[in-house]
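There are 4 protein chains.
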Amino acid sequence: MRLRNSNKRKIFNDPVYGFITIPDERIFDIIEHPYFQRLRRIKQLGLTHLVYPGALHTRFHHSLGAMHLMSRALLELKQKGHKISRKEYRGALIAILLHDIGHGPYSHALEHAIVKSVNHEEISKIFINKLNEIFDGKLKLAVKIFEDRYERRFFHKLISGQFDMDRLDYLKRDSFFTGVSEGIVNYERLLNMLEIVDDGPVIEAKGIYSVEKFITARRLMYWQVYLHKTVLSAEYMITKVLERAKKLAMGGEKLYASPALEFFLKNEITLEDFKNNEVLDIFSRLDDYDIFSALKVWSDHNDYILSYLSNALVNRKLFRIELQNEPFEEDYIDSIKEKIKSKYNLSDDEVTYFCFHDKTSNYTYKPDSDNINILFKDGSVKDIAEASDQLNIALLDKPTTKYFVCYPKEITV
Amino acid sequence: MRLRNSNKRKIFNDPVYGFITIPDERIFDIIEHPYFQRLRRIKQLGLTHLVYPGALHTRFHHSLGAMHLMSRALLELKQKGHKISRKEYRGALIAILLHDIGHGPYSHALEHAIVKSVNHEEISKIFINKLNEIFDGKLKLAVKIFEDRYERRFFHKLISGQFDMDRLDYLKRDSFFTGVSEGIVNYERLLNMLEIVDDGPVIEAKGIYSVEKFITARRLMYWQVYLHKTVLSAEYMITKVLERAKKLAMGGEKLYASPALEFFLKNEITLEDFKNNEVLDIFSRLDDYDIFSALKVWSDHNDYILSYLSNALVNRKLFRIELQNEPFEEDYIDSIKEKIKSKYNLSDDEVTYFCFHDKTSNYTYKPDSDNINILFKDGSVKDIAEASDQLNIALLDKPTTKYFVCYPKEITV
Amino acid sequence: MRLRNSNKRKIFNDPVYGFITIPDERIFDIIEHPYFQRLRRIKQLGLTHLVYPGALHTRFHHSLGAMHLMSRALLELKQKGHKISRKEYRGALIAILLHDIGHGPYSHALEHAIVKSVNHEEISKIFINKLNEIFDGKLKLAVKIFEDRYERRFFHKLISGQFDMDRLDYLKRDSFFTGVSEGIVNYERLLNMLEIVDDGPVIEAKGIYSVEKFITARRLMYWQVYLHKTVLSAEYMITKVLERAKKLAMGGEKLYASPALEFFLKNEITLEDFKNNEVLDIFSRLDDYDIFSALKVWSDHNDYILSYLSNALVNRKLFRIELQNEPFEEDYIDSIKEKIKSKYNLSDDEVTYFCFHDKTSNYTYKPDSDNINILFKDGSVKDIAEASDQLNIALLDKPTTKYFVCYPKEITV
Amino acid sequence: MRLRNSNKRKIFNDPVYGFITIPDERIFDIIEHPYFQRLRRIKQLGLTHLVYPGALHTRFHHSLGAMHLMSRALLELKQKGHKISRKEYRGALIAILLHDIGHGPYSHALEHAIVKSVNHEEISKIFINKLNEIFDGKLKLAVKIFEDRYERRFFHKLISGQFDMDRLDYLKRDSFFTGVSEGIVNYERLLNMLEIVDDGPVIEAKGIYSVEKFITARRLMYWQVYLHKTVLSAEYMITKVLERAKKLAMGGEKLYASPALEFFLKNEITLEDFKNNEVLDIFSRLDDYDIFSALKVWSDHNDYILSYLSNALVNRKLFRIELQNEPFEEDYIDSIKEKIKSKYNLSDDEVTYFCFHDKTSNYTYKPDSDNINILFKDGSVKDIAEASDQLNIALLDKPTTKYFVCYPKEITV
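So the protein sequences, as listed, match chains B, C, Z and A.
The opening residue of the first sequence carries number 31 in this note's numbering; numbering runs sequentially from there.
The opening residue of the second sequence carries number 31 in this note's numbering; numbering runs sequentially from there.
The opening residue of the third sequence carries number 31 in this note's numbering; numbering runs sequentially from there.
The opening residue of the fourth sequence carries number 31 in this note's numbering; numbering runs sequentially from there.
Next up, chain B with everything else stripped away, as it sits in the complex (with noise of 0.2 Å):
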C-alpha cells in the first residue's frame, strides 16, 4: 500500500527484519522531528547492556519495528478480504510509530526519582497531540486511535492490547540484541495466522503452538532478561543516585547536570506542567547522555552517597542482590543495614541509598495481557487458556512474585 508518489521513499536498514520501508512521505517528517529522533538517544533496555552488553539498541530502533510489523498485519487483512483505507493505514502507522515517544532516559528512574508524578503514557499523549498541531492537523486519525477514540477498535488493540505489535517487536528485538535466542518469537507464522473477530485480533487454531510459544518465550524474557537479577539491581541503584541527586539539587547544593537535566532536578514538576510547551521542549532534550555524562563528573562529587553510587554505576561495581520467593525478615534487613550504617558511617535516612528491597511483580510484569484469543475453524473464540490442552496458562498467569534486597558487595552478611 503506497500513500504518495514521493522520492522521499526511504529504507531504513534493520538486523531484525532485514529493510524497513517507511511507506510515507508524512511519516518520514515525523521520523525527522527533533521529538522523535530524541529516541536515538534513549535505549530501549536502559541499563540491560550492564549484564548482555549487546543490548544497546534504542526506542528510535523499536518504534520503527513496530511499525513495520503493524504494515505487514495491516498488508494481511486486507489480503484476507478486511476493508483498511489508506488513511487508516497511515493512521495506524503513526499512532504506533509514536507510542513510546513519551519515554525518558532510564525510564523506570526517571518516574521514580526525577519526575515522580508522571508516567510515560501520559507524556506520550501530550507529545503525539503537540506533533499533530505541529503538522496541522494531520496526524488527528492517528491521536484517535492511540487515545482508543477511534470505532474500528481492533486498530488501538494491534497497538496496545492482548497481541500487540508493540510486543512482538520488543521480544524479537531484545532476543536479537541480547542474544536470548529463546525469546525468538516466529512473528511471520503469526501474523499469517492473524485475523479479526469482534473488532479485536485473534489467531487462527492452526497458530496455536506458536502462541504457546510466544507465551513461553515472553515468560523466560522476563526471567531471563527484563528481571535479570543485576539489571534489577542496576536499575534501583540508577533510581537511588538521582534520588540523591534531586535532594541534594532542591536542598541548593551545585551540581555538574546538563540545563534539561538541571531543570527536572531542580524543580518538582506535574503532568499539568508537561502540558506547558516549555516544559515538553525542556523535557525533549534529555535522554541517555545527559544521566550518564552527569553520572561520570558525580563520581568525583564530595557528597560520599552520590558519588559512591555514581562511580558504582559507571564502572560496574554493582550491589550484590539477594532473590527469593517469600518476602525478607525485617531482622534480616535491619542487620544488613546496622553493617552498612557502621561501615560507611550513615545515618538512618541515609542507609536507605545503600541497602533498598522490594518486589518485581510491582511494575512491570502484567501476565493477564498474556492472554490471546483463538479462533476456531466453525468460528468460535476461545482463550489461549482455555484452548491450549498442553500449556497450564492459568499456572503461566499466576504473577510470580520475587522479593529482592540489594547492597555493597563488600558488606558481608
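Think of the hints as simulated: they come from the structure by calculation, not from any bench.
Each hint should be verified, as a subset may be incorrect.
Which copy is meant is left open, so a pair is good if it fits within one copy or across any two.
Said to hold, decoys possible - Mimicking DSS-like on lysine-lysine, the simulated pairs with C-alpha atoms at most 30 Å apart in a straight line are:
1) K236 <-> K412
2) K369 <-> K432
3) K259 <-> K412
4) K407 <-> K347
5) K276 <-> K155
6) K432 <-> K407
Keeping the supplied structure of chain B fixed, place chains C, Z and A upon it in accordance with the hints.
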C-alpha cells in the same frame, strides 16, 4: 585450555558468536578495570548509527569478540600440533583484548581536532604498559606480543597483520549490527584452514574461495558502511564542531563541557603528555557521552558556527556530500563557498566550517593489508593475489580514491 | 583433543553447526564403511517432507551431528576439570555415531509391517558388535558404552538419557530443516552449563530457563512436527501398504521389488535371524530407495488395495485424519467402514487398509524423559519439575493421548 | 494481491524464506498434479550431497521458492507504480513455477547418457503445454510468458535472464542447504532496488554493491559447489554407469530397472517422441528413486564395469580427479589408461568407463549472464561491468576453463 581453576569463569552473551567465555581470572580482572570498562561507552563505529540505526555496538564488545577469535585460532593451531604454552595463550589473549584500549570517542574526529599529534595506537601502548604496572608486571608477555617484540611473531601477526583476529571480528560484528549481510564472513571455515608457516599465519589452499570472499566482503563493507557518504559527512562535521569548540575554548570562551572534555579543549596535549599519569587518567574519563552531551547543549550556544553544526548533528540535518572519482575543480569549491559566505554571513576563515573537501583513501583504507598467504599441499606459499585465478586481486588492491565536498543542504549549486 | 596425527582429518559442511570435524582416522574409517554410508539413504523424518518439504535430511547427517555435540560436551567437561582419556573420548564418539545404525527406511512402518518382532535398537546392537569384529575389536569400549556396561555411566547417559546429545541434535536439526523455528534450542548455552554429578549429566542452576525452553521446544516439536496429523496419516498409510505387499508376497504374488526388499517381504524374519551375517547384510542394503521405488511401480499393480495406497502416497493424496482427545465411538468407526466397503467394494478384512484408528502416545512419546536434573550452587540436585517455579512440568509430563481415525477423502462422514 | 477468495489458501514452510504462500487456487491445483509432485523426488543438486550432506533439497522446493520471489518482485514493481494485472501476476507465477518441470533425475547424466538428443528446456515446454491442455487452456498466458511470446517481455526476463528469480532462489537455497555461507545473497535488498526499464529488469544504482556481491557469490558458488571437483567426478561417473547400462540393455542384457527406466534404457528416444503422450507419461514416472535403486542392485551385476561403477557411487568410493588450467598431455592420459587396462583387464573401449577427461566450462557455466543493468538517478542505464569501479567484471566474465581427468584411486600415477 583452562588457565586456573576459578569461580570467576565468566560467560558473556554475544549475539554474534553466542557466547564468549573468559578463560582466566586475570583476564577477567583486566576486563573489570575502569580503563577497560570505559570501552563500553565508546561506539565501535562512531556516527555510523545515523545511517545504520543498529550500529551501536561498542569497542568493549569488539575487544571481547577479537579475544574470542584469538582463543579459537590458538586452539585450532594446538590441535594441528603447534606448541603453545599456557603463558603464550594468555599473553596473546590479553594483547588482543587491549589492542583498542587507546581509542577515544569518535576517534577520527578526536585525533584530527582535539589531540592532534597523537594517534590511538600510541595511546594503546601507554595504556597497556600502565596496566602491566598496575597488575604487577603480570602482563609482560602481553606487552611484548602487542609491541611485536616477542620472538614468535605469529602471535603479533594474529593481532595486527594481513589476516588478523581484529579485522575478522570487526567485519563480522559490523556486518551483524548494521544489518549489511553482504559483509558476513565465514570465520569458522577460515579458522579451520589456519596454519602457521614461517612464523606467520597462512590459509590452506582449500580455503582459497573463502579468502576471496573475505576480501570481497571487506571491500564491500568499506564502500557500503565505513566510507558510506552520509557517514563521511557526519564524521567530518563532528571533526569541524570539535575544532570550533577547541578554538573557542582556547580563546577563553565559556563552553559547557565535562571536566575531562574541558581539559582537552583548553590544552594542547602531546604524546609526551600522555605518559603523565594524570593526563592518561583524564583521557580515560572521556567517552561518547562527554562529546554528545556537549553537542546537545552547544546547539543553543551563541556562537553561530558551533550551534549550527551541533544542532545539525544532534537532529541529523547532515550536510549534502558530493562524491566523485576526480578532484573537484577549485572554481566549483569556490563558488559553493561564496554562496555559503553570503547566505550565512561568514568570513573566509569561518566558511571552512561549512564547506570542506577531502579524499577518502587518505586515512582508513589500507589495501595492501588485503594480501593473505595461501599454503599449498606441496608446502609452497603464495600471496592470494598470485594464487587466485578468479579475482583480480591486483586490481582490487589499487586504492580507489574518492573525492568529496560537503556543504549545507540549503545551498543550491 | 586430537587422537592421531593424520591427513584423514576430515571436515563436513553442516548448515546447522557450520562444520563438523572428524577428529580421528578410525572414526573416519567407520564413516566410510557401507553400513554407515547406507544412512545417507534413510531420511531422519520418513514422510514428514510431505508436509515440510525441507525435511529431507538423513540419519547420516544426524549421526554426525550428535557426534559433534558429544565432542563439544566432553571438551566442556574436560575444561571443567573432569578427567576424560583419549580412549574414552573416542569410544563415546563412536558409540553415539552408531546409535542409529540399526534404523531401517521409514522405521515405524518397517517395524510394524515387515520385521515385526524386531526393533531398531536391537539391530543397532548387532551392527555395532559386527563393526567391532570388522575393525579387529577396536570398538570394544564404544560397544560397552553403547550397551551401558561401562563403569562411568555418564558417557552412556549422554547418548541415551534424560539429557542426551541424540535428542539435542535432532531437535535442532529437525527444527532447522522443517523451518519450524519454534523448535530452536540454544544448545551452546546448555552445553556451557553441563556438569556431571553422581555419574550423570546435570545442568547448572543458572541454565534453568534454557532447560525450560528446551522442554517446551520439545513438546511443541512433537505436536507441530513429529505428531503432525498429516504426517501421522502418511506414516500409517505406508505401514498399511507394506502390510498389504507382505501379505501378497507371502501368498505367492509377484511384486516389483529390489532383491533386499523382496527378501523381507517373502520371509518372516526374527531378531535371531539378524545375528546371521547374511540377513544383516541384506538388511544393510535396504533403504528409502527400495521402498519408494517399489511404491511407484506398485501404483500400477492389479491388486486394488496395493495400487490405491501406493498411488496415494506417491502423488500425495493422503487420507483425511480426524484427531480428538477421547476415543472414537465404535459406531462412528463402523459407519465409516460401511461407507468404504460399499464405495470401494471391499470385504471386512480389506476395509482395514482404508480405515484405521489408533492413539498417538502409543509409540513415540516418552514424557518421563523430559526430566532433567538441575545443579544448585550449594551442590544439591533437583529434578527440573521440582526446581522450576515457572512451568508446571508435572502437567507437561502427563501424556496427552490423541485418538485418530484415517480414511479416504472421498468418503463423506 | 489475492486472486480468488478460496479456502485452498495454502502455506508451505520453507527454512529459507520462512513461509511460501500459494496465492491462488489454480496454482494450488497445478502443484497437486502428479507432473509437479514428481519434482519432490528430483534433487536440485543431483549427487552434490555426497560432498555437502545437507544438499538434499528438491526441484519441487526450488520451484516454489522461485515463484515466491517472483511474487515479491511483482508486488515491489506494483508499489513503484507499474501496472500489473491479476492475470499477468498469475501467469508469471505459473510460468516460473513450471520452469524446471522438464528436468529428469540427475539431469546432466540423463541428458548425456539416456535421452541424448533432448534437453530439459525442450521437455519443460512440452510439459507446460500439456498442462495447459489439461487445465482447459487456463495456462495460456503462462505459456506465452514462458516461451517469451508475451509482449511485456520483462516477465519472461524475470524467469530467465540476466537477473532472474530462478537464479536468485537457487543461489540462496543451494547456499542454505550446503551450508556454504559464502553464497548468501541479500535478496531482499536486491528486490527492493528492482526497477523495469526498456521492458527489462534493472537494479537502482544505490544497490550496486549488492549486485557486485551477487556476482561474486555466484562465482564462488560455482567453484565451491557446482563445479566442486568431487561433485564433478561423481556426476561423470553416474553418466558413465548409465551409458554402460544403456549399452547392455540395447544389447539385450537383462537389467534390474523400474518399468520407466527400462523403457528409456531399451529405446532411443528423440525430442519428437516426447510429443507422444505416452512417452511423456513414462518420463514423468522417472525420478531419483529409479536411478539410485537400480544402481544399488547393479552393484551385484556380473558385468564388471556396471557393478564396479555402481558400487563406487553407492558406497562413495569416487574416482580421483585431477584438475588444472591447461589440457592434459595425451601421453599422460594414455599412461593412465594403460595402467587401468592392465590392472582391470579391460579393452580399449572399456577403459573409457574408468578414465575420462573433459573441461568444465563446457556445459554449465554462462558468464555472459552475469551482466546486470544498473539504473542511475539521471535515468541512464549501464551494464554492471561498466558501472562498477570496484570489480573487474570484464575479468570475471572470462570463462575459466578447467581441465580434468578422473580415474580409480587404486591407480597410482
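Problem - Violated constraints from the hint list, given by number and in increasing order - result: none
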